[in-house]
Amino acid sequence: MNFAGVSEIEVEEVYKRLFSEAEEGGYHLNPDVEFTKNLVRGYIRNEQRYGYPSCPCRLASGKKDEDLDIICPCDYRDPDLEDHGACYCALYVNDAVLEGTKVLAPVPERRPSRSERAKINATRTVPTSASLTQLPYPVWRCKVCGYLCAREQPPGICPVCKAKKDRFEKFL
Amino acid sequence: MAVEHVDGKNKGKVVLYALSTCGWCNKTKELLRGLGVSFDYVYVDLLDGQEREDTLNAMEKWNPRGSFPTIVIGDKKIIVGFHEDQIREALGE
Chain A
228 MNFAGVSEIE VEEVYKRLFS EAEEGGYHLN PDVEFTKNLV RGYIRNEQRY GYPSCPCRLA
288 SGKKDEDLDI ICPCDYRDPD LEDHGACYCA LYVNDAVLEG TKVLAPVPER RPSRSERAKI
348 NATRTVPTSA SLTQLPYPVW RCKVCGYLCA REQPPGICPV CKAKKDRFEK FL
Chain B
21 MAVEHVDGKN KGKVVLYALS TCGWCNKTKE LLRGLGVSFD YVYVDLLDGQ EREDTLNAME
81 KWNPRGSFPT IVIGDKKIIV GFHEDQIREA LGE
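So the protein lines, in turn, are chains A and B.
Just so you know, the first sequence maps onto residues 228 to 399 in my numbering.
Just so you know, the second sequence maps onto residues 21 to 113 in my numbering.
No lab work stands behind these hints: they were computed from the structure.
Check each hint, because a few of them may be wrong.
[Stated by the list, open to error] The list that follows gives simulated cross-link-like pairs (lysine-lysine, BS3-like), each with its CA atoms no further than 27 Å apart:
no. : chain 1 : residue 1 : chain 2 : residue 2
1   : A       : K264      : B       : K47
2   : A       : K329      : A       : K397
3   : A       : K290      : A       : K391
4   : A       : K243      : A       : K329
5   : B       : K97       : B       : K81
6   : B       : K81       : A       : K346
7   : A       : K346      : A       : K264
8   : A       : K329      : B       : K47
9   : A       : K391      : A       : K264
10  : B       : K47       : A       : K243
11  : A       : K391      : A       : K243
12  : A       : K290      : B       : K97
13  : A       : K264      : A       : K389
Please read these numbers as outputs of a predicted model, since none were measured by experiment.
Using the sequences and the hints, build the whole thing.
See the structure below:
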């Protein structure tokens, strides 16, 4: 796969950044470097055309609000690593796949369908139990990796998985 | 760009719904090419507006989850994801 406007220098740079960020956070990129660089090309292409790097293996709407859950790393990465040894597009893999003791197989889509997402968005609520509103600070949860922090605002970047501020939800 | 056709052995109608950025879609397309079968493919991410909506609606009739790649063989069999064995078997290859 090659895209006009995605240079090999850029692919190399993004690959290196994702690799080091993954390793620092206890994650691993897929050791099939050729396949992984193809995903990186798609990641860069999406960043160029949408303004954010949505999953190369999922259809983005182009509206950020609707695509937040599939901005890489997506909300589904960690449960898919747990259940299948890889995230949906297989950019990230677990230890067993990295070490070659588990063979990669297609990961079933965990993201709700278009019609299911519309329903979920219509009924989304923020928890407000009486005792919890007494907390001195709100608690924010990273929807990608589950990192929690108690402060007025979520951090700009998740210190664990590097997801951006808009991926945090108010947890308590 | 809409539907692209690849010539090859006639195994009935084979339609691949894919994304231009997706590694698994790419593997699926290369498998079909390698098998030398005739097939149509469409990159849904490159479609806009009504054309995208119509294509997605048609695909979701087969695969309600709307994930890629989705392969529809002979208007009756559907394979979701790069399942090489299933694709080979369905095409008798």
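To see whether the hints hold, each was checked on the structure:
In summary, the hint linking K264 (chain A) to K47 (chain B) is supported, as the alpha carbons are separated by about 14 Å, within the 27 Å threshold. Between K329 (chain A) and K397 (chain A) the CA atoms are separated by roughly 36 Å; this puts the pair beyond 27 Å, and the hint is violated. Under the criterion of a C-alpha separation no larger than 27 Å, the hint pairing K290 (chain A) with K391 (chain A) is consistent with the structure, at around 17 Å. Restraint check for K243 (chain A) and K329 (chain A): the C-alpha separation of about 24 Å stays at or below 27 Å, so the hint holds.
About 12 Å separates the Cα atoms of K97 (chain B) and K81 (chain B), which keeps this hinted pair within 27 Å; it holds. For the proposed pair K81 (chain B) and K346 (chain A), the alpha carbon gap of about 19 Å is at most 27 Å, so the pair holds. With a C-alpha separation of about 35 Å, the suggested pairing of K346 (chain A) with K264 (chain A) is violated against the 27 Å cut-off. Distance restraint check for K329 (chain A) and K47 (chain B): the Cα-Cα separation of roughly 20 Å lies within the 27 Å cut-off, and the hinted pair is therefore satisfied.
Distance hint between K391 (chain A) and K264 (chain A) is fulfilled; the C-alpha atoms sit about 23 Å from each other, no more than 27 Å. Only pairs whose Cα atoms come within 27 Å are accepted, and K47 (chain B) paired with K243 (chain A) is accepted, the gap being roughly 24 Å. A threshold of 27 Å between alpha carbons decides the hint, and for K391 (chain A) with K243 (chain A) the separation of about 19 Å falls inside it, so the pair holds. In summary, the hint linking K290 (chain A) to K97 (chain B) is not supported, as the alpha carbons are separated by about 33 Å, beyond the 27 Å threshold.
In summary, the hint linking K264 (chain A) to K389 (chain A) is supported, as the alpha carbons are separated by about 20 Å, within the 27 Å threshold.
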